[in-house]
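Since chain A is already given, all that's left is putting chain B on it; use the hints.
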Amino acid sequence: MTTAVTAGADASASAPVPALAGTARRSASWAWLGLTPFAAYVLLFLALPTVLAIGSGFFTKTGAFTWSNLSALTDPVVLETFANSAWVSLLTAVAGAVAGALVCYAMLGLNPEGAIRQSVDAASGVLAQFGGVMLAFAFISTIGIQGVITVLLKDAFGINIFAEGNWIYEVPGLLLPYIYFQVPLMVITFMPALAALKPQWAEANATLGGTRRSFWMQIGFPVLAPSFLASLLLLFANAFSSYATAAALISQGSQIVPLQIRAALTSETVLGRENLAGALALGMIIVVGIVMAVYSLIQRRAARWQA
Amino acid sequence: MNALAPSRLTRWIVGILVGAFFAIPLISTFLYTLRDDKKGGYSLVHWAALFDPASASMIKPIWTGLGNSLVLSVVTVVIVLVLLAPTMILVHLRFPKLRQYFEFLALLPISIPAIVLVVGLSPIYLQIARMMGTGTWTLAFAYGITVLPFAYRAIQASIDAADLRTLAEAARTLGANWFSVVVKVLAPNIRQGLLAASLISVAVVLGEFTIASLLNRQVFQTAMVVVRNQDPYLPAIFTLLALLLVFVLLLIIGRAARGTRKARS
Numbered sequence: 094m095t096t097a098v099t100a101g102a103d104a105s106a107s108a109p110v111p112a113l114a115g116t117a118r119r120s121a122s123w124a125w126l127g128l129t130p131f132a133a134y135v136l137l138f139l140a141l142p143t144v145l146a147i148g149s150g151f152f153t154k155t156g157a158f159t160w161s162n163l164s165a166l167t168d169p170v171v172l173e174t175f176a177n178s179a180w181v182s183l184l185t186a187v188a189g190a191v192a193g194a195l196v197c198y199a200m201l202g203l204n205p206e207g208a209i210r211q212s213v214d215a216a217s218g219v220l221a222q223f224g225g226v227m228l229a230f231a232f233i234s235t236i237g238i239q240g241v242i243t244v245l246l247k248d249a250f251g252i253n254i255f256a257e258g259n260w261i262y263e264v265p266g267l268l269l270p271y272i273y274f275q276v277p278l279m280v281i282t283f284m285p286a287l288a289a290l291k292p293q294w295a296e297a298n299a300t301l302g303g304t305r306r307s308f309w310m311q312i313g314f315p316v317l318a319p320s321f322l323a324s325l326l327l328l329f330a331n332a333f334s335s336y337a338t339a340a341a342l343i344s345q346g347s348q349i350v351p352l353q354i355r356a357a358l359t360s361e362t363v364l365g366r367e368n369l370a371g372a373l374a375l376g377m378i379i380v381v382g383i384v385m386a387v388y389s390l391i392q393r394r395a396a397r398w399q400a
Numbered sequence: 010m011n012a013l014a015p016s017r018l019t020r021w022i023v024g025i026l027v028g029a030f031f032a033i034p035l036i037s038t039f040l041y042t043l044r045d046d047k048k049g050g051y052s053l054v055h056w057a058a059l060f061d062p063a064s065a066s067m068i069k070p071i072w073t074g075l076g077n078s079l080v081l082s083v084v085t086v087v088i089v090l091v092l093l094a095p096t097m098i099l100v101h102l103r104f105p106k107l108r109q110y111f112e113f114l115a116l117l118p119i120s121i122p123a124i125v126l127v128v129g130l131s132p133i134y135l136q137i138a139r140m141m142g143t144g145t146w147t148l149a150f151a152y153g154i155t156v157l158p159f160a161y162r163a164i165q166a167s168i169d170a171a172d173l174r175t176l177a178e179a180a181r182t183l184g185a186n187w188f189s190v191v192v193k194v195l196a197p198n199i200r201q202g203l204l205a206a207s208l209i210s211v212a213v214v215l216g217e218f219t220i221a222s223l224l225n226r227q228v229f230q231t232a233m234v235v236v237r238n239q240d241p242y243l244p245a246i247f248t249l250l251a252l253l254l255v256f257v258l259l260l261i262i263g264r265a266a267r268g269t270r271k272a273r274s
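Heads up: the protein sequence lines correspond to chains A and B, in order.
Count the first sequence with the numbering used here and you get residues 94 to 400, in order.
Count the second sequence with the numbering used here and you get residues 10 to 274, in order.
Okay, chain A solo, but in the shape it has when bound (with noise of 0.2 Å):
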């Protein structure tokens, strides 16, 4: 393909195509047929599912209305679980922003078709997106009660990270694989914000009498601050629906939101109570919603620093 036609393609993309406008009118209907598969899938296994989790908590097991399942999220255990959760998505997601940024600082100027920046994004897309119950097993293998860094900071050091109890398989365990595939997950969003920075600015800004330091406070650090922020907002979403680590390292115990919903799906009644899997989802959708929403409004803003 040459610039050439391409340019020609993003021109025709508004008006209709003069060639195919005759027989565009005649099959106009027909066109719209060919949307219906894809639409009735969507609408059955998207759309359907979302409607059903949430309406689910409206109702009782026999389909009468209720708000009682809801009251179920001022329960101060539903609350407490809340509260795990969100504590461990902002530590976590914070730890991975800066981690993550620093990776993406350091992989500036870099060759992006290098051997490094190559793997460092295949790497990115294994730990952020499909590690799940695999990095439970990675770290129950390093710092599990039998953990080979486990056994050997007790070995040759004499430590017992364990001496204050089993923390690794309770919500202070779910910390470090968290941030294992934040930092990740940061890298990714992160690094187009980051590489868009122009070095035209840090030429100017040179020119002007400035200073490397001058540079990042007055032009990098306000540039790059919607961007930091969304991806801190996606990263603190993607640590609270993340359901399969915790699935992996907590076996017992309902500690926070997504293994809460766990335990109202595998059990009848949790807290003496029905359908508390479809409150609970609700909950969850207005939180994930909520965060996401206002990523996508500030990652809007931010991407006119990216043309």
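Rather than coming from a laboratory, the hints here were simulated on the basis of the structure.
No residue lacks a Cβ here, since even glycine has one placed at the ideal position from N, Cα and C.
Every clue listed holds true.
Here are the simulated lysine-lysine pairs, DSSO-like style, with alpha carbons at most 27 Å apart:
(1) B:Lys106 <-> B:Lys193
(2) B:Lys48 <-> B:Lys69
(3) B:Lys47 <-> A:Lys247
(4) A:Lys247 <-> B:Lys48
Computed footprint of chain A on chain B; a stretch qualifies when at least three of its residues, placed anywhere within it, have a C-beta under 8 Å from a C-beta of chain A:
(5) 24-32
(6) 121-130
Not the full set, but computed from the structure, chain B residues with beta-carbon under 8 Å of chain A:
(7) Leu35
(8) Pro118
(9) Ile133
(10) Val213
(11) Ser222
(12) Gln230
(13) Leu252
(14) Arg267
Here is chain B on its own, set in the frame of chain A:
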């Protein structure tokens, strides 16, 4: 050279610190699989167990789960190639105004946690089980939604880089019907996007745990959790192999994407 680039020293310090944080769990997992708990020290005994008939019954759930996951990957890729890709082409050629709504829809699954989706999927899968049986392959319908954002991005990048409109017009003018236009003319021109979308779908399906586990289907990831209760070493071995496999898949996707970009400029 980029004037913003950090100094060599800064780059090395960040690289070593972060690199260590990421390398330690992986190296530890590898050392863990080498641990010989009978004789002490390190040996390949757990790796040998992969091919040992004596431990075959213990590994069996993993092979079964892996088999199920591979079937699921194939069905999911079929959904992406037969359902998603033609719809995207249709939207691009005939309904360009719908594009932004379509994009919003395709990226929506990012904002809906799998754990929420599964709450609504469980009654739906009760119906599916009644109609089509409890075969694991039916999970692919749910997985098609999970891979939607990834597959959409990969295919859209390719569509944007190729001039499908002119190609379609030319082929139509020469008398091709729409089926051969899509299969013989358009698809080959966005093959890199289709390949990337397929590979990333395989990666997502191989790593999926949430939906499968809560709908009680046996897949690769759920099998590893089951086997871990008897032998913690086997899942560690499969963890390393699977992470390596997905890493290679993503390297290939990265190369394909760079090929597209290069063709564009």
